[in-house]
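Two chains, two frames, a set of hints: combine them into the complex.
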Amino acid sequence: MSYARDLTAIRALIASHKRWDHVFALCGLAALMVGVLTFTALFADMAIDGIPRLNWEFLTNFPSRRPAQAGILSAWVGTCLVMLVTAFFAVPLGVATGIYLEEYAPKNWVTDIIEINITNLAGVPSIVYGLLALGLFVYQFGFGQSILSAGLTLALLILPVVIVATRESIRAIPQGIREGAYALGGTQWQVCRDHIIPYSSAGILTGVIIGMARAIGETAPVITIGALTFIAFLPPAPVGAEAPFISFDWVMSPFTVMPIQMFNWTSRPEAAFLQNAAAAGFILVLMTLAMNGLAIYLRYRIRRNIKW
Amino acid sequence: MAAVPGDISVTPPSGAMAARLAHRRSRIVREKAIELVLFLAAMVSVFTTAGIVYVLVKESVAFFQHVPLLDFLTDTQWTPLFDDAHFGIVVLLSGTLTSSLVALAIAIPLGTFIAIYLSEFAPFSVREVAKPFLELLGGVPTIIYGYFALLFITPILQWFYPELPGFNLLSAGIVMGIMIVPYVASISEDAMRAVPMSLREGSYAMGATRYQTAIKVVVPAAFSGIASAYILGISRAVGETMILAVAAGMQPNLTLNPLEPAATITAYIVQVALGDLPHGSVGYQTIFAAGLTLMLFTLACNVAGHMLRKAFRETY
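Just so you know, the sequences run in chain order A and B.
Once you know that position 278 of the first sequence is 278 in this note's numbering, the rest is easy, because the numbers rise by one and skip nothing.
This note's numbering runs 1000 ahead of the 1-based position in the second sequence.
If we strip away everything but chain B, and leave its shape as in the complex, we get (with noise of 0.2 Å):
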């Protein structure tokens, strides 16, 4: 470029230096302005996040005028819709965390061998088949999934178990752990094979086994990555609503018994949003509540995950 920024003040520039100088003045404005375009299409994922904390913060406050913390948190009946109505959220926090544990006791087995198997044992041609075709089954909607879980999964169940009812938290929790498999074994997978060839070619040289190599090098190497999809299996189950909606029944039961049906406390904000509650009613403020506590425990989730991570990080 022919203009030195220097220059400026010295010699005035005319002719078609001037016209050099505009030009490159408004590019230098577009050039910004496009940059702030962009800034501020990053902020809206931020705004996403601060407007959740506003709107669940906000109605929340508005419940716990209504109703105080200490019954939210120690109340054992969950009747938030009657004339005589009680809020303890142990009750759905009960259904949440059974069918969760349902979920996590198919998934996590299922899920770490799997990923063993793919990143340790399977030839080349199997993983390059099943790992899109985990990625088909993590892709099914989760509505899909319900219908399943009631119309397959209890049939069969029922015919072991005749007595089982209908609507159960255990086929939910099948189905749901099946659903979670996917996410479990391809993050654990990514995190094995993340694992440097090194270490694996000296447990073999030292005359190890593939299996001993897998067990006892692998997946110790790898625990920090298993440790954090394990994390995201369990706030994808708690987090999960239509398997729920559709498979548990929306009864609310405070049991720790998989074979019973009850309400978790994502059914339940499907439940009231299926109905029609006047905006801005203690009904109406009682999904946000809901919705708040589900928040602030997939958030510890989080937490725990990144800590699990830092903790266990291998450095080669």
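With the rest of the complex left out, here is chain A (with noise of 0.2 Å):
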């Protein structure tokens, strides 16, 4: 009698445990909704607001005073010239120190400096490298309020993403693929030029796209050197007719970007001007995700792909 008692106590004991097991998972699924809810939201809000205004002559209009008839056209121009300028900076140093940390650095101090500095700089707030790129690239470099200014600080800004990614794909190479490529006579640099870094390539080209997604949205750094809201011209085009062909006077042009040109519209109170940046945030938007997206399809093909 008193042991059918104790077995449904013990058994009604262990529901109310159990139960709350469903609660907690429930709890885990509602807060991993907020974040799904609130992604779609502002997802469906840019598209609503901004779709309509997308057409060819926003792509291929400067900015203008009238909102109807201003465009992105000097923004995006500027954005993927300042990408270059970024990607030719953030990737052979990004790439370069990963290789050093993981092939060459001896274990001393000097390399446990280098080490603590990149993880405090992936810490420091955007805005910091803005100011940065003020007093030292415009001002005592004088490179002025250009795209060289603007891609050397993004290019930095971006720099712990590569090396991190750099490193974790180096690490993913074992031993033995090293060990016989030595054993063969090779040198320390032949060794990562034929093995370690093709081998790593794909892993580094997933941390240069998150890296360069993240360029492309920085908004706080490329304000803070002074980039101008209204650029109503081109910069000079790289490829010209005449001899040397080649012009590099792009890089000190000044130039606006995609989140500046976004933000621009946005701190106005005209209606019209709101669903221009929402129409550039929604290209913006896209751009990110679809880059983020490929990184992530990336890493799984690898994940998946590469049995050593």
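What the hints contain is simulated information worked out from the structure, not anything from laboratory work.
Mixed in with the good hints there might be a few duds.
[What the hints assert, rightly or not] Computed footprint of chain B on chain A, listed as stretches where at least three residues anywhere in the stretch have a Cβ under 8 Å from a Cβ of chain B:
(1) 10–21
(2) 34–41
(3) 59–66
(4) 92–104
(5) 208–215
(6) 276–283
Glycine residues also receive a C-beta, built at the ideal position from the N, C-alpha and C atoms.
What follows is the structure, given as structure tokens:
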């Protein structure tokens, strides 16, 4: 009799404990749903406000005081050129740093300082990079408020991302590959050039894409170096009809970028400009989503396909 | 290799041997040169930090020659561009603090719940979808979040509370919190997944439920990692710029009330950068002093995070 009563009591206890499992799992799911809902709302909000404004003229017009005629030509050209400069500096520097730290660096205090430094740089607010660029690139080095200054700033900003991705994918290469290459008489650089870099290139690419997606959306540091918000001209073309055919005048040109154009329109009171902001924002979101999505897909492929 | 280094001095090499030695020497030189180049690339990050410190300190020193440090810390007005200029950083700090607190009140519970759910409860398929999704959420540019806060969240809040001004710290803080959720969730989740399976198995073997295992075994074991996720969230919140510049207004306002508009340190820097202050003026120098304050704040966060990690590190 008492045995049966104990059994029901125990069963009730277990059931009540298990109920907490469900409650908690539901809470977790609800928290996740808040994220999903916000993202959906954000995307839908941009799309509903912005898509009616999207047409060919919007992409090929300069900004204007009349909202219906304003476009993002100078903004997207500026973004592309700044990204070019950013990639030109960030990729070689980041990959070289990653290789040095994984393959070459001796275990000493200098290496420790470099490592701690990179961890800390990843946590520095982006606007501080803007101040660095304002003090150093714009005034000290005399680059002015140019595409070069912005590209360098964003390159420094995404450097930790590229470095960490490089190091992670190098670390995933089994030691046996290196030992095999050394056993055949390869020098350290030959091992890196012929084995380490090719095998880690997909992982590095993933990191570069994520970094570039971040750089495209960065607004604060580019505003801080003094990018103008109203640019009604394009930088000089990089390829000319006369000798020497290739000119680098564009790197010193004033510019604007997509997020700054969007910020400028968002801070105006007229509803028509807000619509422009939504349209520019929609393109910006699509671009960053596409890049991040590509990176995630690439990483997924790497994980599935590489069996050492 | 035929050439033994010890032999070189004994018999002067000749012919093929000399060529091989020369080749080898040039190879060594090239290897050293490449190593030097790679080392210099790695030093760029050190130079970046040095550059940040140099620029911030240099301009701040010039600033503090105009404005006494005591005024900077104790003044309760921030009107650097007026004729009657006041430089009380407390005003901007209050905006930063309030918006960060709102953001953390959103990000820490949501992020922790998501992390525990994904690590301990979610089936494999949910996790496979949710992790990349969180990453996408973290990749949305902050200016987009700013637009969203100003034109979507604020109207919704005004629907509940009609007196709410169009610019306010609350909606900016809420959106900032949602922006930080992915960082907090993914770092805490990594920390929880690093807890060895045997600990969970031990707990289950004692008859504990999933909930009990998660709360009483996994979370304490992963606490150092979870704490550093929180710290990272704090430094993200403090350094966030565009959401606040767009949605919180840029009026300096000494308040801890999230229903009011206020400027933060970061929003002030943006505001000054949008105008054109002459290089070298006090107004120009204020943004570096503000930046230095921000930098010291995040540095303090990083140091605190490091100490927390050390204090709570569990070894298995």
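Structure-based check of each hint:
1. Note: the stretch 10–21 of chain A has 4 residues with beta-carbon separation from chain B under 8 Å; the three-residue rule is met and the coverage holds.
2. Only when three residues or more bring their CB closer than 8 Å to a CB of chain B does the claim for the stretch 34–41 of chain A stand; here the count is 6, and the claim holds.
3. Look at the stretch 59–66 of chain A against chain B: 0 of its residues bring a Cβ nearer than 8 Å to a Cβ of that chain, fewer than three, so the hint is violated.
4. Residue count for the stretch 92–104 of chain A with a Cβ under 8 Å from a Cβ of chain B: 8. That meets the three needed, and the coverage hint holds.
5. Proximity of the stretch 208–215 of chain A to chain B, defined as three or more residues with a beta carbon under 8 Å from a beta carbon of that chain, is established by the 3 residues found.
6. Residues of the stretch 276–283 of chain A with a Cβ under 8 Å from some Cβ of chain B number 3, which satisfies the need for three, so the listed coverage holds.
Hint 3 alone, counting from the list given before, is not met by this structure.
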